[in-house]
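Heads up: the protein sequence lines correspond to chains A and B, in order.
Heads up: the first sequence runs through residues 1 to 130, numbered per the numbering used here.
Heads up: the second sequence runs through residues 1001 to 1128, numbered per the numbering used here.
Any given hint might turn out to be false.
Counterexamples of contact, computed for chain A against chain B with all Cβ distances above 12 Å [what the hints assert, rightly or not]: (1) 19; (2) 23; (3) 26; (4) 27; (5) 29; (6) 33; (7) 52; (8) 54; (9) 57; (10) 80; (11) 81; (12) 90; (13) 91; (14) 104; (15) 105.
Calculated pairs, DSS-like style, for lysine-lysine (alpha carbon to alpha carbon, straight line, at most 25 Å) [to be verified]: (16) A:29 <-> A:69; (17) B:1073 <-> B:1055; (18) B:1090 <-> B:1055; (19) B:1009 <-> A:2; (20) A:2 <-> A:30; (21) B:1090 <-> A:2.
Per label pair, the in silico range of CB-to-CB distance [to be verified]: (22) A:66 <-> B:1098: 41 to 51 Å; (23) B:1041 <-> A:100: 37 to 47 Å; (24) B:1121 <-> A:62: 37 to 47 Å; (25) B:1112 <-> A:66: 40 to 50 Å.
Since the hints were derived computationally from the structure, they do not count as laboratory data.
On a predicted model such as this, the values are computed, not experimentally measured, just so you know.
The beta carbon of each residue, even a glycine, is placed where N, CA and C say it ideally should be.
The chain contents come next:
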Amino acid sequence: MKFAILVNEGPYQHQASDSAYQFARAALKKGHEIFRIFFYHDGVNNGTRLTVPPQDDRNIVNRWSELAKEYSLDLVVCIAAAQRRGLLDENEAKRQGKDANNIAEGFRISGLGQLIEAGIQSERLVVFGD
Amino acid sequence: MPEEEGVIKKFLYLNRKAPYGSIYALESLEVVLIGAAFEQDVSLAFIDDGVYQLKKNQQTSVSSGIGVKDFSKTYRALEGYDVEKLYVDKKSMEERGLIEDDLLVPVEIFDEAQMAELMEQQDVILSF
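When you get a sec, could you build the whole thing from the sequences and use the hints?
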């Protein structure tokens, strides 16, 4: 089956990101396809490379980057939600006149159209939120 | 735009949270607006505190209330985007002492069974 995943909460604050990750990994292990993983609302905070979580627990951001690399996943962060919450890539930082960018490896910033497209192109869209 | 020409899916946007106090209502509406360009078969459902999103007369200015932007008129603009199927949950309305006349757009009031049937019919359900 071809899945799309929507993650609506940030790392650690809610379970959503963990659940989405576990679901994605299980689905991929079973040979399913993941068309796109879209991050909305505080979910965009899964895509910052500046987290320094305690070493004795899971590193949620890195886990996403690694999974994306292993399976060539498309991790998309919503540009509007990202702007609200201060998540930028190099282009956005330049465009908006900010002195830094913070996007993590494996993530890209794009529009909400990518979420709608994911809903259309996949067979099932699964939402993880609070 | 969809790669496959003419694919039309049933999209349901499920709203369960109050309009202010968290960002879910506003940001989910932004998805609806962007999504409208994809010409899918769109419905909006309002359950629990989500029914408050459609309440008339929202007072949000600094002087009268909370100092946030009142985005309620956007629900009236949905018609212009061909998003006209709005359903509210009967029990949620009653629990909150709301009647159809309290709402700022035309809606269809569904009971639990009808809401379940609506969800059953959907291809994509986005809940926020």
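Right, here's what the structure says about each hint:
{"no.": "1", "hint": "19", "in the structure": "14 Å, holds"}
{"no.": "2", "hint": "23", "in the structure": "16 Å, holds"}
{"no.": "3", "hint": "26", "in the structure": "21 Å, holds"}
{"no.": "4", "hint": "27", "in the structure": "17 Å, holds"}
{"no.": "5", "hint": "29", "in the structure": "25 Å, holds"}
{"no.": "6", "hint": "33", "in the structure": "15 Å, holds"}
{"no.": "7", "hint": "52", "in the structure": "26 Å, holds"}
{"no.": "8", "hint": "54", "in the structure": "28 Å, holds"}
{"no.": "9", "hint": "57", "in the structure": "27 Å, holds"}
{"no.": "10", "hint": "80", "in the structure": "6 Å, violated"}
{"no.": "11", "hint": "81", "in the structure": "6 Å, violated"}
{"no.": "12", "hint": "90", "in the structure": "24 Å, holds"}
{"no.": "13", "hint": "91", "in the structure": "20 Å, holds"}
{"no.": "14", "hint": "104", "in the structure": "21 Å, holds"}
{"no.": "15", "hint": "105", "in the structure": "26 Å, holds"}
{"no.": "16", "hint": "A:29 <-> A:69", "in the structure": "15 Å, holds"}
{"no.": "17", "hint": "B:1073 <-> B:1055", "in the structure": "10 Å, holds"}
{"no.": "18", "hint": "B:1090 <-> B:1055", "in the structure": "14 Å, holds"}
{"no.": "19", "hint": "B:1009 <-> A:2", "in the structure": "15 Å, holds"}
{"no.": "20", "hint": "A:2 <-> A:30", "in the structure": "12 Å, holds"}
{"no.": "21", "hint": "B:1090 <-> A:2", "in the structure": "35 Å, violated"}
{"no.": "22", "hint": "A:66 <-> B:1098: 41 to 51 Å", "in the structure": "48 Å, holds"}
{"no.": "23", "hint": "B:1041 <-> A:100: 37 to 47 Å", "in the structure": "43 Å, holds"}
{"no.": "24", "hint": "B:1121 <-> A:62: 37 to 47 Å", "in the structure": "40 Å, holds"}
{"no.": "25", "hint": "B:1112 <-> A:66: 40 to 50 Å", "in the structure": "43 Å, holds"}
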